[in-house]
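Novice: Construct the entire structure; sequences and hints are all you get.
Chains as they are written, first to last, in the numbering used here: chain A, 117 to 333; chain B, 267 to 477; chain C, 3 to 374.
Since the hints were made in silico from the structure, they are not lab data. As the structure is a prediction and not an experimental result, all values here were calculated from the model. Note that the Cβ used here is the ideal one computed from N, Cα and C, for glycine as well. Hints should not be assumed to be uniformly reliable.
To be verified - Example chain C residues on the side facing chain B (calculated, C-beta under 8 Å, incomplete): (1) Ile42; (2) Tyr60; (3) Thr120; (4) Arg140.
What the hints assert, rightly or not - Covered stretches of chain B, going by a simulated chain C footprint (3 or more residues, C-beta under 8 Å): (5) 329-339; (6) 381-391; (7) 408-421.
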Amino acid sequence: MVGSITPEQNATAAEACLAAINDRFGGSGIETSVLNHSNAKKYAFVRIVCPPQHWIAVSKWMKYDLDVNYCSMVTGTHFPDGSPERGWEVAYHFLRQPVRNQTPNTCTVHDVEGLSGMDIPMEFEVLIPLPHGDSPTVPSIQSIWVGADWNEKETWDLVGIKFEGHVNMHRVLNPNDSPEGFHPLQKQHKLRYHDYNEMYDDPQGFMRKPADEGRVK
Amino acid sequence: MCSESEDAFTFEVEFMAEGDNFAAFNSRALVEMVGGVTDEALKATRIKQFLSVLAGRYFNWAGRKSLFTLHLGIKCCAIEMAAAATPRFDGDRFGVLFRSSPRQSDVLLINGPISKKFADKVVRLWEQMPEPKYCIAMGECAISGGPYFQSYNILEGVDTVIPVDVYIPGCPPRPEALIDGFGLLREKIIRIGAAPSAERASDKPVIVGED
Amino acid sequence: MGPQHPMTHGLWTLRVKVDGETVVDTEAELGYIHRGVEKICEARDFTQITPYCDRLCYVSAMTWANSYIYAAEDLLEADVPARAEYIRLISAEIQRLASHLMWLGAFGPDIGNLTLMTWCMRDREMFLDLLQELGGSRMHYNYPRIGGVKRDMPIGFADRVIAKTKLFEKRLDEYEMMLDESTIWLVRLQGVGYSTAESMVDAGVSGPNVRAAGVNYDVRWAHPYSVYDEIDWEPSVEKPTSVKGADCYDRYRVRMEEMRQSCRMVLDALNKIPGGKNTNYANGDEMIYTKAPTRAPEGATGFSNYECTRGASQFYIKGGGEGRGKNPYRVSIRSPMFLTIPYVAKTMIGYKIADIPAIMGSFDPCIGETDR
Numbered sequence: 117m118v119g120s121i122t123p124e125q126n127a128t129a130a131e132a133c134l135a136a137i138n139d140r141f142g143g144s145g146i147e148t149s150v151l152n153h154s155n156a157k158k159y160a161f162v163r164i165v166c167p168p169q170h171w172i173a174v175s176k177w178m179k180y181d182l183d184v185n186y187c188s189m190v191t192g193t194h195f196p197d198g199s200p201e202r203g204w205e206v207a208y209h210f211l212r213q214p215v216r217n218q219t220p221n222t223c224t225v226h227d228v229e230g231l232s233g234m235d236i237p238m239e240f241e242v243l244i245p246l247p248h249g250d251s252p253t254v255p256s257i258q259s260i261w262v263g264a265d266w267n268e269k270e271t272w273d274l275v276g277i278k279f280e281g282h283v284n285m286h287r288v289l290n291p292n293d294s295p296e297g298f299h300p301l302q303k304q305h306k307l308r309y310h311d312y313n314e315m316y317d318d319p320q321g322f323m324r325k326p327a328d329e330g331r332v333k
Numbered sequence: 267m268c269s270e271s272e273d274a275f276t277f278e279v280e281f282m283a284e285g286d287n288f289a290a291f292n293s294r295a296l297v298e299m300v301g302g303v304t305d306e307a308l309k310a311t312r313i314k315q316f317l318s319v320l321a322g323r324y325f326n327w328a329g330r331k332s333l334f335t336l337h338l339g340i341k342c343c344a345i346e347m348a349a350a351a352t353p354r355f356d357g358d359r360f361g362v363l364f365r366s367s368p369r370q371s372d373v374l375l376i377n378g379p380i381s382k383k384f385a386d387k388v389v390r391l392w393e394q395m396p397e398p399k400y401c402i403a404m405g406e407c408a409i410s411g412g413p414y415f416q417s418y419n420i421l422e423g424v425d426t427v428i429p430v431d432v433y434i435p436g437c438p439p440r441p442e443a444l445i446d447g448f449g450l451l452r453e454k455i456i457r458i459g460a461a462p463s464a465e466r467a468s469d470k471p472v473i474v475g476e477d
Numbered sequence: 003m004g005p006q007h008p009m010t011h012g013l014w015t016l017r018v019k020v021d022g023e024t025v026v027d028t029e030a031e032l033g034y035i036h037r038g039v040e041k042i043c044e045a046r047d048f049t050q051i052t053p054y055c056d057r058l059c060y061v062s063a064m065t066w067a068n069s070y071i072y073a074a075e076d077l078l079e080a081d082v083p084a085r086a087e088y089i090r091l092i093s094a095e096i097q098r099l100a101s102h103l104m105w106l107g108a109f110g111p112d113i114g115n116l117t118l119m120t121w122c123m124r125d126r127e128m129f130l131d132l133l134q135e136l137g138g139s140r141m142h143y144n145y146p147r148i149g150g151v152k153r154d155m156p157i158g159f160a161d162r163v164i165a166k167t168k169l170f171e172k173r174l175d176e177y178e179m180m181l182d183e184s185t186i187w188l189v190r191l192q193g194v195g196y197s198t199a200e201s202m203v204d205a206g207v208s209g210p211n212v213r214a215a216g217v218n219y220d221v222r223w224a225h226p227y228s229v230y231d232e233i234d235w236e237p238s239v240e241k242p243t244s245v246k247g248a249d250c251y252d253r254y255r256v257r258m259e260e261m262r263q264s265c266r267m268v269l270d271a272l273n274k275i276p277g278g279k280n281t282n283y284a285n286g287d288e289m290i291y292t293k294a295p296t297r298a299p300e301g302a303t304g305f306s307n308y309e310c311t312r313g314a315s316q317f318y319i320k321g322g323g324e325g326r327g328k329n330p331y332r333v334s335i336r337s338p339m340f341l342t343i344p345y346v347a348k349t350m351i352g353y354k355i356a357d358i359p360a361i362m363g364s365f366d367p368c369i370g371e372t373d374r
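Specialist: Written as structure tokens, this is what we have:
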């Protein structure tokens, strides 16, 4: 039987992170909270809402003082109908993993109760709201985590959020000759056959009207 | 013609004028004359017609019994294609062998959605294949875009860029369906012989499962 | 090494700069099967997204569908009955077995061992038959539902699982005997493709690739999500033989050991499943399914962290789409291979061209999830 991280370990780690962040950055526009997931074991994670100008400082502190070593996901979202200060949002997900280089012929022994303090794995979510506009910009954390490199390229490619200071930005999923300024996940770009979406609510066609005759689903 | 100078390591090569021949006497005219006479004779006795029908039937049989397929794995249907080559379904007993180079394959089996980035590469692979060549569209994504028909990056079917001979519906089609698709392709080859692929685009499509 | 290549396990380009036989620089180019799944999912209901997630990593479809379902359950705040969690675990672990067999079956020919392809696919068919009993299809099952699973295990399924798993454990011995005693295999894999744990984690690599470097980190115990803490298993960790980190041999051994652990998990879960392993509840019965809300309020988010066969996969879903809530506003998919492939491209520098398939194959790429 392998032990898992217990809810108590998770809760204490989350509270410790919350205290540390508030200690360091409290009162400068950075809001931190500990929330619980609603799925699986309903564990806690730390959510930080950070304005873009403080992001580099927060990310450096997270990496070097809070031991957050894994940049997992960068998500950009376009809110054309959102509130004025949240026209775009970049959501970063990080994990803190207890990973150290091993001396040859050794491996870490599984001892979950022995994990404490900064060794307990923790999930972090950082949300950076950006105002409306044509060129949302966020400072790049490419030099802090290597894993942020391609994540930022993908976010720019698909959503159009610019990362200031990112070296060698290029298209990674869309074709290299895509038109300049084409970022498909922005809300003004519609899917092909967009006006057939309404018919997805009615797969058996009970609500088709005579005018729909001949229309292909 | 090359001549050796005193220094044994250097060669001097004389470039030939066009039409020149290494042989002591120019046999090109001889070959043309003999070839022309033989050709006329064969045509006159209908032997040429007979031989070409025989050869055509033979090559048709040989070609359809050993369809070399290009080793192209795009997406999920490629796993079913690989499964069709494995002991349980065994495509090899039908002569279906996977080749790495398009220059050496007969069949281009498209098994996945074609994105805009990959479209010109597919056309290039198709053009690199020598005649006679056939294309099989396997799976919904290759037939019509599949579940991604609304996507901004996926073409609505591979038949927008290359002519397709057999369609195998399914998502993914079972390996048995793929082998059946090869069987239907063999029947189609009997029908069409070695008609060039460019003229086949308007043929009625062959769809697996359609009776 | 272009998109059409027998080695690349998928459609991507690796540009290699060589000096003689030694690799000097590499550059990976992805995006040949970018389907825009994230955009398509904004126009689908939450149940309609599950088939898209099956097709993300087609070799291990069940784990990706489960990964999405956990995120959707976080968003919609759905509860899952215990029996459904057990069935999800069993299906995910059988899928992990099938996926690692596919990996081995593709990895063997890379190294030159063509019989491995036929052996592994033969055994994979056993597990695909089991998954077909659950989900209905050999590869894309659309099996988990938000709040449970679609249907219960058929009667006799448990006996078939036990028989096939026990047979497979003996087959694993055969594989190890064939491979670990083969000089060619050892020479081609050992000492090739070193990567340290910390550099991997910094680059975003996770899963068996990191466990091969001696680090015991597995999402199943670190961020527990299903009933893994109730069954008998251990994460499989390999000791690296060098200070330079894990080589291809370690990564191969980690996956063989993971296959054994998956067999162990499946057998143990069948013993402990609530309701018994030979009962079959009807579709929609409360033992296997709890009806979940279908609309997500504006501003709600769901996040799941799941141990897929190739690493940690995450979904981040924002609710409240189109003002109606039935569609998500944004679905963001994090695939472990998306960050692994650029990392592996850099790991190859300094080795020979002939080592490229060994290194690439040992990291187990699957381009379907990379290029969503």
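Novice: Does each hint hold? Answer for all of them.
Specialist: These are the hints, each one checked on the structure:
no.: 1; hint: Ile42; verdict: holds, 6 Å
no.: 2; hint: Tyr60; verdict: holds, 4 Å
no.: 3; hint: Thr120; verdict: holds, 5 Å
no.: 4; hint: Arg140; verdict: holds, 7 Å
no.: 5; hint: 329-339; verdict: holds (count 4)
no.: 6; hint: 381-391; verdict: holds (count 5)
no.: 7; hint: 408-421; verdict: holds (count 7)
Of the numbered hints stated above, none is contradicted by the structure.
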